Amino acid sequence: MTQHQHHDEPWRVRIDDVNGQWHGAGVLLDDRYVLTCAHVVKYAGGTSGTSEAPRPAARVRVRSVACVPGWTLDARVVDGTWVYKGTQRGDVALLELAEEPGCGQRTTLWRAPISGGRVRAYGFPANVPNGLSADAELAGSGGAEGEWGQLKKLDPDGPWIVPGYSGAGVMALDGDFEDKVIGIVVAEYRDENARAAWILPTETILYYVDRIREFCDGEPGIALLGAPDNGNGTGDALLEDPLQRALTKELAGMLSGGSWSGAVVLVTGRATGPGSSWLVRLARTSDAAAPPADDRSVRSRTTGDTSLGFGAVDAAYDARGRSTDEVIKYLVRRFGIAHHTDSAPELVHVLTHRRPPACVIVDGVDQATDPQRLISDVLAPLARRARARGMRLVLGFEEPPPRDLPYDTSLDPTPLSGDGSEEKVTPEEALEAVNRLARVEERAVRAKQTPANRFLEPPRLPVAQAPRLAVRLAVAGTADPGGELAAVARHARAAQEALAHYTDELRTMQSERTELGVTLDLYRGRAARLIGEEHREEGDLELVELYAAAARALHGVPVDLAAARRRVPRYVAAIDRRIEGDAAQ
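At position 2 of the sequence shown (counting the first as 1) the number is 2 in the working numbering, and the numbers step up by one without a gap.
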């Protein structure tokens with residue numbers, strides 16, 4: 001065929017049966033292969049049965065809608081690439097064209113986070129042979145089998161995904177993956193009143209059809225496979241260990257779409273600790289590149305509070321033996337950051353301003369080749385901003401982290417030591433103490449995040465202790481239950497007292513700012529009444545400058561309370577001197 005011209009995305013094609021009736025869409029990868037959904041091929045008569053027991057394949061027709069001149073070619077399923085289970089799993093097929101169309105184009109499929117962002121799909125509804133675009137928003141976990149990402153409707157009055165869209169390429173509309181294909185529409189449309197559809201991400205497609213690997217780019221979402229298991233096993237067997245189950249449950253609760261944000265430090269230990277296997281297992285429950293092997297898998301509905309939603313973790317990396325530059329490179333490529341910067345400050349800026357906020361795991365931090373630089377250049381700046389920016393950052397250490405690392409909570413599995421007292425605490429009393437502390441910690445976070453307090457830059461919140469205490473409470477019955485229960489209750493009370501001190505300090509700062517503001521406004525009024533417009537004459541520029549400096553300290557972002565304590569009294573003293581001088585004349 002002759003070389004074609006393309007006015008739109010050249011990868012947009014339609015899948016027809018031999019009679020010319022269309023059944024869905026596809027992505028033209030190059031002049032030989034087309035990616036689509038298995039059920040589209042099935043309805044077009046290209047094959048039948050299931051991927052475990054396929055029946056002899058027939059041909060389908062592939063029609064381009066983005067080429068001039070247009071073309072229509074026969075195609076057949078490539079052996080071993082038709083994945084159809086008849087459930088919300090897989091549903092992908094690779095077609096080989098009978099001859100090359102001469103487009104001369106090559107499409108890249110990008111591995112990308114699916115937690116959020118605007119996307120567009122171009123499908124072929126009934127009576128629209130040339131296709132129609134529909135815009136949507138990525139919404140993370142979707143399919144009932146935990147393998148499809150959800151798409152939500154953006155415009156109530158705009159076109160939406162209906163029969164004929166399955167197999168369509170999903171193209172990002174914003175962010176650093178803008179104009180890139182990140183998956184295909186997979187859902188069979190069932191409810192005309194629905195406002196949701198589904199995407200099969202590139203990583204999941206690649207899991208089922210390795211033949212497309214040459215067309216894929218970007219970093220995998222979960223790169224933790226190098227983490228050691230400390231001999232504790234893998235998969236759901238890890239949950240038989242009370243400590244690893246408790247750690248898994250607490251971290252899953254933080255990362256499972258609730259209101260929590262911030263930086264959490266995990267101390268995984270070495271020979272005597274729980275290791276990182278539980279963390280690897282938990283991260284993989286959200287991995288688009290590791291679909292569940294069967295209905296009893298870690299992503300099935302039976303594991304509930306010990307698994308994550310599909311795509312919940314945007315990036316997870318094992319830093320053991322890696323340099324800071326390697327960690328930066330992974331994160332830059334995983335999030336598709338434009339220009340592939342190697343600048344740590346730019347990476348931190350992008351991740352802390354991403355919408356939706358990112359969820360990132362970095363394990364083995366202290367086993368990196370230069371952990372001090374990794375922390376100071378990348379992880380500490382991220383941790384410092386994580387809570388305010390809505391980011392979820394998980395940092396794994398084999399040993400306790402540096403004292404100067406800012407973080408919001410920790411999951412240190414080390415047993416709590418007793419204080420030698422003979423205090424008796426029941427499990428119910430210890431649980432109530434931990435729950436009470438958790439409520440107080442939540443209120444303190446909300447208080448700090450009010451606009452007035454964010455501008456005030458209050459002192460950093462004490463590290464939240466309730467998650468760690470909940471872990472120790474869950475395993476307290478395995479050794480010295482009496483001593484551990486008492487220690488849990490005692491630590492909960494101490495943490496609550498620290499929060500009370502923090503809250504008092506916050507109230508004091510608020511009151512002081514209010515009083516300084518009232519004083520500044522009062523004396524400005526006095527100046528206007530008693531000095532009048534002389535205030536603005538060249539001889540009174542001192543007053544103008546003193547007032548401006550005090551107002552900047554009180555009303556700027558952030559509020560500089562220390563400077564306001566100095567500047568407001570200076571302005572007051574200057575006004576008093578001027579008034580006294582005028583009276584003496």
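What the hints contain is simulated information worked out from the structure, not anything from laboratory work.
The structure presented is a predicted model; accordingly, all values stated were derived computationally and were not measured.
Mixed in with the good hints there might be a few duds.
[Unchecked claim] With a cut-off of at most 27 Å between alpha-carbon atoms, the simulated DSS-like pairs for lysine-lysine come out as follows:
(1) 153 - 180
(2) 152 - 85
(3) 180 - 424
(4) 448 - 424
Hint check:
The hinted pair formed by residue 153 and residue 180 meets the criterion: a straight-line CA distance of about 20 Å does not exceed 27 Å. Only pairs whose Cα atoms come within 27 Å are accepted, and residue 152 paired with residue 85 is accepted, the gap being roughly 25 Å. For the hint pairing residue 180 with residue 424, the CA-to-CA distance comes to about 62 Å; that exceeds 27 Å, so the pair is violated. Distance check on the hinted pair: residue 448 and residue 424 sit about 35 Å apart at the alpha-carbon level, beyond 27 Å; violated.
Going down the numbered hints, you'll see the structure goes against 3, 4, while the others check out.
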